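J.: Letter by letter, the chains look like this.
Number of protein chains: 2
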Amino acid sequence: MSDKLTLGVAARLSTYLRILIQSRKQGIESISSQEISEHANVNPTQVRRDLSSFGKFGKRGVGYRVEYLIAQIQDILHSGGTHNIALVGAGHLGSAIAASSIFQDHGFRIAALFDSDPARIGQTAGDLAVEDSATIAARCRDLGVILGVLAVPPASAQGAADQLVDGGVKILFNYTETLLSLPDDVTVHTINPAEEMLYALYFHLT
Amino acid sequence: MSDKLTLGVAARLSTYLRILIQSRKQGIESISSQEISEHANVNPTQVRRDLSSFGKFGKRGVGYRVEYLIAQIQDILHSGGTHNIALVGAGHLGSAIAASSIFQDHGFRIAALFDSDPARIGQTAGDLAVEDSATIAARCRDLGVILGVLAVPPASAQGAADQLVDGGVKILFNYTETLLSLPDDVTVHTINPAEEMLYALYFHLT
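Sequences listed follow chains C and Z, in order.
Each residue of the first sequence is one higher than the one before, starting from 1 at the first, in the numbering used here.
Each residue of the second sequence is one higher than the one before, starting from 207 at the first, in the numbering used here.
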């Protein structure tokens with residue numbers, strides 16, 4: 001596989017990988033395309049086609065070995081390593097993110113947590129000490145961070161994003177609803193459950 | 207438009223609607239397909255094609271009127287009304303969700319908030335009093351809730367999901383990583399930023 005994956009394939013493989021990693025965590029050793037399909041909201045034929053195009057992973061009637069399939073998909077997605085994240089915002093949402101094992105399970109390490117509130121700086125959330133937002137750019141450069149997560153109030157989002165980008169961040173996960181203006185080489189992913197609800201509701205109503 | 211939208215079109219229209227609603231909130235009255243394209247990570251030709259298939263919304267060089275386009279897309283997505291949500295979990299994440307205006311901006315009203323921790327029941331988060339999780343099913347039936355949000359610890363996810371489904375919930379937003387076993391007529395959307403990060407990173411690295 002030297003060809004670049006299409007957006008759709010890469011998105012589905014990321015979904016399968018998330019399901020497989022969670023299955024492993026729940027002690028599940030093998031999984032069928034039907035089970036992957038149900039958890040992924042993707043039809044089983046598509047699941048089998050996506051996985052078969054990378055070689056023979058599964059056996060009919062036996063299913064896929066979870067551990068092996070994780071390794072294969074991580075190889076295809078180049079996601080086997082560990083990547084540092086900078087998290088900005090140590091309020092309710094930032095604290096929930098810092099305390100969650102979701103990132104860690106997928107090879108993402110929250111390397112630094114920032115807040116601009118003096119009352120929060122120096123406190124801990126998860127295993128992290130809250131650092132001063134004024135140091136975002138310098139710290140991101142030192143840590144080689146390319147992924148930033150914004151869990152700040154909407155009015156602080158653009159400023160925090162600018163500092164992350166100054167520090168070399170190229171991929172931003174924006175939990176605020178603020179529309180950001182950033183350089184063309186920076187990709188912003190907005191995490192907005194309401195958008196996914198609109199979509200889910202459409203298929204429920206029609 | 208009596209035909210059902212494809213998954214891709216419905217997903218993109220939900221994204222455009224999220225961007226338009228936020229634009230209106232930021233006081234923006236007109237928007238170009240180029241601007242929608244940048245915020246949506248969708249190419250401008252695709253944006254124009256998606257919007258043109260529902261009639262002439264925009265004028266070349268002038269852009270789309272935000273207010274008008276919101277009304278049109280809401281009509282297409284049947285999303286103009288208000289829909290009740292039940293939120294389970296009043297910890298950091300649940301509190302962040304309850305305090306956010308993201309849902310409300312899109313016509314979703316958090317009608318009830320539940321937790322099983324006696325220390326939290328009766329407390330408030332956002333404008334909501336925390337109710338006892340033991341009442342989930344009955345309250346969901348009373349309120350006519352079809353959308354449930356799980357913001358509970360992973361080990362509580364299946365139990366909370368079962369209670370929501372007992373109460374008539376058909377669409378679940380699962381913020382935990384737990385893989386849920388639920389009836390076929392219930393759709394689960396898993397909100398996992400790590401999955402989207404895997405995907406974003408792939409396109410950054412290749």
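Source of the hints: derived by calculation from the structure; they are not laboratory data.
Small disclaimer: the values here were computed from a predicted structure and weren't measured.
For every residue, glycine included, the Cβ atom is placed at its ideal position computed from N, Cα and C.
There may be inaccurate statements among the hints.
[What the hints assert, rightly or not] Using C-beta positions, here's what the derived DEER-type ranges look like: (1) C:Gln34 to Z:Gly214: 19 to 27 Å; (2) C:Glu29 to Z:Pro250: 31 to 39 Å; (3) C:Thr206 to Z:Arg315: 15 to 23 Å; (4) Z:Ser307 to C:Asp75: 23 to 31 Å; (5) Z:Asp372 to C:Ser181: 24 to 32 Å; (6) Z:Ala340 to C:Asp75: 42 to 50 Å; (7) Z:Asp323 to C:Thr124: 16 to 24 Å; (8) C:Ile28 to Z:Gly214: 42 to 50 Å.
[To be verified] Calculated lysine to aspartate or glutamate pairs in the EDC-like style (CA-CA distance at most 16 Å, straight line): (9) C:Lys170 to Z:Glu402; (10) Z:Lys376 to C:Glu38; (11) C:Lys170 to Z:Glu244; (12) Z:Lys376 to C:Glu67.
J.: Please go over all the hints and tell whether each is borne out by the structure.
T.: Verification of the hints:
1. C:Gln34 to Z:Gly214: 19 to 27 Å: Between C:Gln34 and Z:Gly214, where Cβ atoms are some 24 Å apart, the hint holds.
2. C:Glu29 to Z:Pro250: 31 to 39 Å: violated (46 Å)
3. C:Thr206 to Z:Arg315: 15 to 23 Å: holds (21 Å)
4. Z:Ser307 to C:Asp75: 23 to 31 Å: Taking Cβ atoms as reference, Z:Ser307 and C:Asp75 lie about 42 Å apart, which means the hint is violated.
5. Z:Asp372 to C:Ser181: 24 to 32 Å: violated (46 Å)
6. Z:Ala340 to C:Asp75: 42 to 50 Å: holds (47 Å)
7. Z:Asp323 to C:Thr124: 16 to 24 Å: holds (22 Å)
8. C:Ile28 to Z:Gly214: 42 to 50 Å: violated (31 Å)
9. C:Lys170 to Z:Glu402: holds (14 Å)
10. Z:Lys376 to C:Glu38: Measuring from Cα to Cα gives roughly 15 Å; hence the hint holds.
11. C:Lys170 to Z:Glu244: Holds, because 15 Å separates the two Cα atoms, which is no more than 16 Å.
12. Z:Lys376 to C:Glu67: violated (32 Å)
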